[in-house]
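Undergrad: Two chains, two separate frames, one set of hints: put the complex together.
Which chain is which? The protein sequence lines are H and R, in order.
If you count the first sequence from 1, position 174 lands on 174 in this note's numbering, and the numbers rise without skipping.
Just add 382 to wherever you are in the second sequence, counting from 1, and you've got this note's numbering.
Don't take each hint at face value.
[What the hints assert, rightly or not] Taking lysine-lysine pairs in the DSBU-like style, the calculated list, with each CA pair at most 35 angstroms apart, reads: (1) R/K440 x H/K215; (2) H/K184 x R/K411; (3) H/K215 x R/K411; (4) R/K411 x H/K180.
The hints are simulated quantities; they were obtained by calculation from the structure and are not laboratory data.
Chain residues, written in single-letter form:
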Amino acid sequence: MVISNKPLRFIVATLVVCLPFFSFANPASEVANTQTEVAQPATATASGEVKTETTEVKSKIKEFIDHHLLDAHDFTFSANEETGEHYGFSLPIILWDNGLHVFSSSKFNHGEAIAESDGNYYVLHHEKIYKTAADGVLTENETTGHPTNATPLDLSITKSVVGILGIAVLMFLLFTSLAKSYSKNGGIASGAGRFFEPLVLYVRDEIAIPNIGQKHYKKYMSYLLTIFFFIFFLNILGLTPLGFNVTGNIAITASLALLTYVITTLSANKNYWGHIFWMPGVPTPMKFILAPIELLGTIIKPFSLMIRLYANILAGHVVLMSIIGLMFIFKNWIGSSLSFGLAFALSILEILVAFLQAYIFTMLSALYFGAGNEEHHHEEAH
Amino acid sequence: MDKLINDFSFGLFIWQILIFVGLIFLLKKFAWKPILDAVNDREEGIKNALESAENARKEMQNLQADNQRILQEARLERDNMLKDAREIKEKMVADAKTEAQAQGLKMIEQAKAAIESEKNAAMAELKLQVSTLSLSIAEKVLKDELSNKEAQTKLVEKMLGDVKLN
Numbered sequence: 001m002v003i004s005n006k007p008l009r010f011i012v013a014t015l016v017v018c019l020p021f022f023s024f025a026n027p028a029s030e031v032a033n034t035q036t037e038v039a040q041p042a043t044a045t046a047s048g049e050v051k052t053e054t055t056e057v058k059s060k061i062k063e064f065i066d067h068h069l070l071d072a073h074d075f076t077f078s079a080n081e082e083t084g085e086h087y088g089f090s091l092p093i094i095l096w097d098n099g100l101h102v103f104s105s106s107k108f109n110h111g112e113a114i115a116e117s118d119g120n121y122y123v124l125h126h127e128k129i130y131k132t133a134a135d136g137v138l139t140e141n142e143t144t145g146h147p148t149n150a151t152p153l154d155l156s157i158t159k160s161v162v163g164i165l166g167i168a169v170l171m172f173l174l175f176t177s178l179a180k181s182y183s184k185n186g187g188i189a190s191g192a193g194r195f196f197e198p199l200v201l202y203v204r205d206e207i208a209i210p211n212i213g214q215k216h217y218k219k220y221m222s223y224l225l226t227i228f229f230f231i232f233f234l235n236i237l238g239l240t241p242l243g244f245n246v247t248g249n250i251a252i253t254a255s256l257a258l259l260t261y262v263i264t265t266l267s268a269n270k271n272y273w274g275h276i277f278w279m280p281g282v283p284t285p286m287k288f289i290l291a292p293i294e295l296l297g298t299i300i301k302p303f304s305l306m307i308r309l310y311a312n313i314l315a316g317h318v319v320l321m322s323i324i325g326l327m328f329i330f331k332n333w334i335g336s337s338l339s340f341g342l343a344f345a346l347s348i349l350e351i352l353v354a355f356l357q358a359y360i361f362t363m364l365s366a367l368y369f370g371a372g373n374e375e376h377h378h379e380e381a382h
Numbered sequence: 383m384d385k386l387i388n389d390f391s392f393g394l395f396i397w398q399i400l401i402f403v404g405l406i407f408l409l410k411k412f413a414w415k416p417i418l419d420a421v422n423d424r425e426e427g428i429k430n431a432l433e434s435a436e437n438a439r440k441e442m443q444n445l446q447a448d449n450q451r452i453l454q455e456a457r458l459e460r461d462n463m464l465k466d467a468r469e470i471k472e473k474m475v476a477d478a479k480t481e482a483q484a485q486g487l488k489m490i491e492q493a494k495a496a497i498e499s500e501k502n503a504a505m506a507e508l509k510l511q512v513s514t515l516s517l518s519i520a521e522k523v524l525k526d527e528l529s530n531k532e533a534q535t536k537l538v539e540k541m542l543g544d545v546k547l548n
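The shape of chain R in the complex, shown without the other chains (with noise of 0.2 angstroms):
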């Protein structure tokens, strides 16, 4: 200890004082202060960086994800536009079918109708023809069987009974 105290130099200290507390000021202001600065700009800059890269992908992401919902949208759209054009073709094959069934069924009823008509009037002429004809003949037989009256009657009988079973 007594050693200690007598190898204390004042002067020495007063000196490292001086020198280092000026180094301290004149290090703060050129030298760590600059430093310190760029040092913290720089990790700053660091994760700023990092950050957008972040938030860069997670936009991405986003993104794709939209993109992914848009497709799948435009995909169920698609199905169900195909499935109501389906529907619509086979309704409308569908009422097609029965409408020309209808005016199938209704046009065979016409002719049906057209040729009972027809049938009738055929008929009617056709009657109309036999009695003339009948007539014409009964007059030609009359004319000539006429002396025979009952051989007459006989033969018209018979003749209209044919006729009727036309």
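One chain only, chain H, in its complex shape (with noise of 0.2 angstroms):
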């Protein structure tokens, strides 16, 4: 990928320029360290306190974050852990378990306490919903570590739901409100729609006229422009502080890419099934092998645009809070405040990194659709 190095550059310039900051830092504290064991040498176990108190806040960071990447049930602004208190509010939980079963998520007060409805016993456990007896007790794989519980439908209203209908209430105004603005305006969009119209623009004569053609891409357009506001809307709601990570999760990214996927194989025109399974020009024998491999292709495709998203996405939020949780670990003015200055300099890159990848993969659908309406013409290339 040609266009991913230069965030890439960036971020190993910024690495570079903070180097001798780091090695600066850590002698400074490790003085500090020492002073205090000098100082106060009848406490000696004040250090390993401190370090197990570093490990604690290290492996609550870590859970912090793996919480974060995973979708949620309730939505939660804060919680006090001490008093165990959490600032939010509940999200509806619908589950298909020989019948439906509605019921609010308080009732699993954020995986503490086993859900009763209609008689079934359900818990909460790592935002998964497992059905357990009465006890609520759940048996683990031993080897894998995950619950072999039964595992109803869920299809619970959770929190990146919530972010999806939110995002596409907003696109549906927004673009409602465009279009609108040009029958009222003379054909001059005003207000918001301003902004968004030269993106509408980019992606028709950047994206899909060059990639499809200027003959089929009018029947694309509309998959297009959605998938490509969609993606950016909601990668950049993952960087606000509401603490969505909605592209990030692998069953939002794996919906796209199937719909990419399904939408190039129903248009795709008699050349490219041509191409797939008997590639002309080519010695018959070959075209037994490059069959299977062609049909693979076509899978690997969409599943390279599913890894591409979910990982870019989900790496930005990791490496994002690492940062982040590291001022809580430091816990001194040098170190934090680097961590502050590389947080912001990340989010600033993360915002280049949500529409470089809602880029991405639009032009890669386009890309996609393109190759399923090709024309036969060039027959002598091959």
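TA: Set out below in structure tokens:
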């Protein structure tokens, strides 16, 4: 990928610039540690306590990141650890388990309680709902560590679903207002749509037309525009402090990639299938070898789309949260402020990545649609 | 990979597909189609406006060229007319001149002829007068000098010779 070179270079440059600060900061804190030890020789266990406290903070941060990366069944803005109080609101739980079960997520009490619905008992474990007996005990698989309990079909309105719905409503309002502003304002966009019109034109002129071609691009425009803005807005939403991680969820990217695959497959012309099953211009034995490879390629393409978006956004969130977590590990003014600066720089970078990933996903989808619609005009090229 | 599969939430997948497909169709009807149509219309409008401006410019140029050509033709025609007029004038002057000359010559000729005839008439008259005078003189002389015959003849001859000399 040519495009992703830039942010990579930027990250490397930032790290190199920050290296001297790091190498300076660590000895300083060590000196501070030894000084305290010298000053208080009587409490020799103090440093040990500090160490366990640090590892505790570390594991807490790791747990927090892990928790953030998962979907959530309730909407929590913050929580008080000592009192166990959560600030936020509950979301509806919808389960299909030999009948529909609908109840509020407050029944789980953030994974601490067993929810009972129509005589069935459910437990929330790592944001996954398991069916248990009345005692709520989960039996764990010894090799993987995952519970072996039955999982009902979980159609809950989770935090991610709320995010998707929110973005869907936002997009609908935004773009219908843009559409209306044309007729109202004599063919010129007004208001917030003014900012998005160039993006719409960009998707049309730089993504759809060059990759699909002037002849066929129109029927794919709705999908490409929707997917571009959907991914872009969700990526940006993931950078807000609300704590959404929607595009970094494999289920979301899988569904998007699946749609691209389905559209490519359904709209492909004869020529496309001809190239897959009976590659023209190669010896007949090769055709038998190439067919399964080509067929596999059609699946690998959307699969790579799924993994690319998922991994990019997930990695962005992990790195950003780890650096924010570093502030609490350092607990001194040099390290923490440095972490803050790095987190700030990375957040800006993540905005670029948010746009870039939306662009890449749309661009590659357009490329696949274009391949499916290619006319039979390059016979001599084979 | 195991974690990936474990994290895969089928419910979220279904919700996402439902919401996303719904969103595509809703936006297609209420947003993308009007937006793209409006943008296309605008682009067409701009293209047409530019084209018509270009056409108008070309027409203007044509008009200007026409004007120039007509002006040129008019100028040429004027020059020709002036030239013709000058030629006609010169011709007329020349004609008048030759005619006047011919007329003059003719008049001079006539005058000459008239003078000649007048002169001849006057001569004849004179001759007649002279002869009558001479006769009368001769009569008188004769009357006087008839006695002298020789002198008479001499005188007549002498007188006649003088007349002829005239």
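Undergrad: If a hint holds in the structure, say so; if it doesn't, say that too.
TA: Each hint, compared with the structure:
1. R/K440 x H/K215: 33 angstroms, holds
2. H/K184 x R/K411: Given that 35 angstroms is the threshold and the Cα spacing comes to 18 angstroms, the pair holds.
3. H/K215 x R/K411: Since the Cα atoms of H/K215 and R/K411 sit roughly 21 angstroms apart, the hinted pair holds (cutoff 35 angstroms).
4. R/K411 x H/K180: 12 angstroms, holds
Going down the numbered hints, you'll see the structure goes against none, and every one checks out.
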